[in-house]
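Please construct the entire structure, taking both the sequences and the accompanying hints into account.
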Amino acid sequence: MANMAQAIRMALHYAEENLGVTDIFGEDVGAPLGGVFTCTQGLKTAWNSPLDERGIIGAAMGIALGGGRPVAEIQFCDYVYNTIDLLKLAGNTCWASNGDWNLPMVVRTPVGSGIRGSIYHSHSFDATMTHIPGWKVVMPSTPLDAYGLLISACKEQNPVMFLEPKALLRVKGDERIPGEPDDDRALSKMIDAPLGDRSQWKPQWPAELEAFAIPIGKGKLLREGTQLTVVSYGRTLPLCSRAAQTLADEGISVEVIDLRSLWPYDWEMIKTSVQKTGRVLFVNEDTEVTNFGEHLLRRTVEELFYSLLAPPRLVAGKFIPGIGLADTLEMASVPQQNDITDALRSLAGEQP
Amino acid sequence: MSRPRLIKESSAPLPLDRELLVRIHDLMVKTRVLEERLIQMYKQGHGYFWIGGPGEEAFNVPLGLLMKKGQGPEYDYLHAHYRQSGTLLALGEEPIGALRQMKNTASDPYSGGRNFAGHFSLRKYNVAPVSSPIEVQYSIAPGTAMMQKRVGGDGITIVTGGDAGTAEGDFATCLIWSSRPANPLPVLIIVTNNKWGISTSAEGQHGETRVSERGKAFNIRSKTINGNDPVEAYTELKEAMEYVRTERKPFLLEANVSRLYGHSSASGANYVSEELDCLKQFETRLEADGVLTRQQMDELRNRYTEDMAAAARIARDEPLPAPETIWKHIFAEDK
Chain B
9 MANMAQAIRM ALHYAEENLG VTDIFGEDVG APLGGVFTCT QGLKTAWNSP LDERGIIGAA
69 MGIALGGGRP VAEIQFCDYV YNTIDLLKLA GNTCWASNGD WNLPMVVRTP VGSGIRGSIY
129 HSHSFDATMT HIPGWKVVMP STPLDAYGLL ISACKEQNPV MFLEPKALLR VKGDERIPGE
189 PDDDRALSKM IDAPLGDRSQ WKPQWPAELE AFAIPIGKGK LLREGTQLTV VSYGRTLPLC
249 SRAAQTLADE GISVEVIDLR SLWPYDWEMI KTSVQKTGRV LFVNEDTEVT NFGEHLLRRT
309 VEELFYSLLA PPRLVAGKFI PGIGLADTLE MASVPQQNDI TDALRSLAGE QP
Chain X
536 MSRPRLIKES SAPLPLDREL LVRIHDLMVK TRVLEERLIQ MYKQGHGYFW IGGPGEEAFN
596 VPLGLLMKKG QGPEYDYLHA HYRQSGTLLA LGEEPIGALR QMKNTASDPY SGGRNFAGHF
656 SLRKYNVAPV SSPIEVQYSI APGTAMMQKR VGGDGITIVT GGDAGTAEGD FATCLIWSSR
716 PANPLPVLII VTNNKWGIST SAEGQHGETR VSERGKAFNI RSKTINGNDP VEAYTELKEA
776 MEYVRTERKP FLLEANVSRL YGHSSASGAN YVSEELDCLK QFETRLEADG VLTRQQMDEL
836 RNRYTEDMAA AARIARDEPL PAPETIWKHI FAEDK
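Sequence order for the protein chains is B and X.
So the first sequence is numbered by the numbering used here: it starts at 9 and just counts up by one.
So the second sequence is numbered by the numbering used here: it starts at 536 and just counts up by one.
Calculated directly from the structure, the hints in this document are not laboratory data.
None of these values were measured; they are calculated from a predicted model.
It is possible that part of the hints are untrue.
Stated by the list, open to error - As a list, the in silico DSS-like pairs of lysine-lysine whose alpha-carbon atoms are at most 30 Å apart:
| id | chain 1 | residue 1 | chain 2 | residue 2 |
| --- | --- | --- | --- | --- |
| 1 | B | 163 | B | 279 |
| 2 | B | 226 | X | 863 |
| 3 | X | 730 | B | 279 |
| 4 | X | 773 | X | 603 |
| 5 | B | 163 | X | 863 |
| 6 | X | 604 | B | 96 |
| 7 | X | 773 | X | 758 |
| 8 | X | 603 | X | 758 |
| 9 | X | 863 | B | 96 |
| 10 | X | 730 | X | 773 |
| 11 | X | 578 | X | 751 |
| 12 | X | 758 | X | 815 |
| 13 | B | 96 | X | 730 |
| 14 | B | 197 | B | 52 |
| 15 | X | 604 | X | 659 |
| 16 | X | 659 | B | 163 |
| 17 | B | 96 | X | 659 |
| 18 | B | 163 | B | 210 |
| 19 | X | 815 | X | 730 |
| 20 | B | 210 | B | 197 |
| 21 | B | 180 | B | 326 |
| 22 | X | 773 | X | 659 |
| 23 | X | 578 | X | 815 |
| 24 | X | 784 | B | 52 |
| 25 | X | 784 | X | 659 |
| 26 | X | 784 | X | 751 |
Claimed, not checked - If we take Cβ atoms under 10 Å as the criterion, some of the chain X residues that face chain B in the derived model are:
| id | residue |
| --- | --- |
| 27 | 646 |
| 28 | 676 |
| 29 | 677 |
| 30 | 705 |
| 31 | 718 |
Idealized CB from N, CA, C, for every residue including glycine.
The structure is reproduced here in structure tokens:
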């Protein structure tokens, strides 16, 4: 099966061939590198930009205003912060012009910890991004979802922020992307750029790729359960799945929801689940103060209070200025497997 | 650098034909009267904030007249700042739209009562939404120019901003992205230099002799002109636009202009008599050259003043947007 980076690449290929994507660009996005995480290797509309994040977001907005369909990349979300007012502007362009203009544009950026990226390659961006109205925000945790959400993003009439959990970019999926070849090694030979001289290399794209789209705003019920609910997305999602398996072995039934879309998000799925289980844990790795999980928690308390059997909880990143490089520091800063398993176990056992 | 042509010295006949001079004058008067009406509305409590471009008419009107007007990359894009009413009127907009925006009525054609005066948006003529943050438009402009270059044809991107905002990084972004050797772009980069950022004089903040000289580092053809002279503005804009249209390369044009009523209502919006008034100066010249008589010009001004007062009365009585409309247009619907 394809890994997430390959899935993104195939979706972008499909989108530039079939969905009108005109420009895939950013720092080191074009040849020869094709992105520091290889997500844009071999794409025909990929090009390298100056080292200027404001220029990248601004150009994407201009291309969208000019009738194009850009997919811009910010190399690490840690470097997106000097574009915040442009993101705000992109988010209000339709609203401020009373519907006169709209911006069909996608911004992709790798987020989160997991590669020992120290202070400036480990940030999350979901808490900040969900503070900017007018954007749709998605964050896949599997290659298939990455493919399907990117196809949807490239069909959108509005700005979409596509957050790529960098710890999962090289992880192979369990589900086949429609059209990808059966053999992983065959796929790699076809679409991974060779080491060394790439000047003559051209990818051989799988011919059967299709517009497999995952609608923005729909979560995925990954595992059914009856006693508690865990809602997550991105890097921490597979950790939640494993925790659910561990607790299943202990006789505790956990329902796992992969939110996938942060805005709009699938409240109906959360609500249905919490009304059934009465216990819910929200998990993400962004800093915990004014965290998106806090919003979900607030809504759970306000709307589902009388369904609850225990206080809803949040496991998130520590509210500290950075994620330190040392293994011990990173592990202590953002949720790890044990943090999540322990939190779920504790929530399952909590009695009034 | 061109030598500013001082009007009092000019003995040569005006280089533009009479019909064009009269049209430019007409639009300059219309713009000035509109701005004065907007200020009056603000002062009478029929709006919360005024910002606009009295003092920039001599530059902004020719700009609008010279734009290739239409929708889509075959036509010119304008990424404007908030002093551009003269350009919008020259494009053919009715002034009542600006009055409605001042009164933030539901009928405001540019933002539906959501944005300040002077914050135009006009997709049918490729006018991108004007926003309050200074200079973001300079980062956006290269994008439309990229599409125009790709599509072919002679459409160009025009971006305008003030001198104070050139301190922001977006201005450097525009210079860099417009002149990338990999893909030079058809962008006319304009700075209207009024020598002020609200209350802060450029003298104390900017060490560069001329803003236009910043273009040289990027091999961008650059020029500083007298933006208070509509004849010079028209002629120089035409030349710069032709260069950008045909060469498909950027041009940096700095136009020295006046700021006749200060920064905005935040600084009082009172007439600043020390600033050169481009309209007064142009009218002196038109009269001296026999293009228009004082009486004709007075009549024109009176007529526009009456028209604008009548339009303001209409705008004043129109309803505000309904509260529930805050939820409209957060997202565009799929087309």
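Against the structure, the hints:
1. B/163 with B/279: Measuring from Cα to Cα gives roughly 28 Å; hence the hint holds.
2. B/226 with X/863: holds (22 Å)
3. X/730 with B/279: violated (58 Å)
4. X/773 with X/603: It holds: about 11 Å lies between the C-alpha atoms, which stays within 30 Å.
5. B/163 with X/863: holds (21 Å)
6. X/604 with B/96: Within the cut-off at roughly 29 Å; holds.
7. X/773 with X/758: Distance ~13 Å between residue 773 of chain X and residue 758 of chain X Cα, so the pair holds.
8. X/603 with X/758: holds (22 Å)
9. X/863 with B/96: Holds. Residue 863 of chain X to residue 96 of chain B sits at ~17 Å (cutoff 30 Å).
10. X/730 with X/773: Status holds; Cα separation ~24 Å.
11. X/578 with X/751: Violated, at about 44 Å.
12. X/758 with X/815: Between residue 758 of chain X and residue 815 of chain X the Cα gap is close to 25 Å, so the pair holds against 30 Å.
13. B/96 with X/730: Measuring from Cα to Cα gives roughly 29 Å; hence the hint holds.
14. B/197 with B/52: holds (18 Å)
15. X/604 with X/659: Holds - the C-alpha atoms of residue 659 of chain X and residue 604 of chain X are around 9 Å apart, at most 30 Å.
16. X/659 with B/163: Given that 30 Å is the threshold and the Cα spacing comes to 23 Å, the pair holds.
17. B/96 with X/659: holds (24 Å)
18. B/163 with B/210: holds (26 Å)
19. X/815 with X/730: holds (20 Å)
20. B/210 with B/197: holds (11 Å)
21. B/180 with B/326: Roughly 29 Å between the alpha carbons, so the hint for residue 180 of chain B and residue 326 of chain B holds.
22. X/773 with X/659: holds (23 Å)
23. X/578 with X/815: holds (24 Å)
24. X/784 with B/52: OK: residue 784 of chain X and residue 52 of chain B at ~24 Å, within 30 Å.
25. X/784 with X/659: holds (25 Å)
26. X/784 with X/751: holds (14 Å)
27. 646: holds (5 Å)
28. 676: holds (6 Å)
29. 677: holds (5 Å)
30. 705: With Cβ-Cβ at 6 Å, under 10 Å, it holds.
31. 718: Since the shortest Cβ distance to chain B is 8 Å, the answer is holds.
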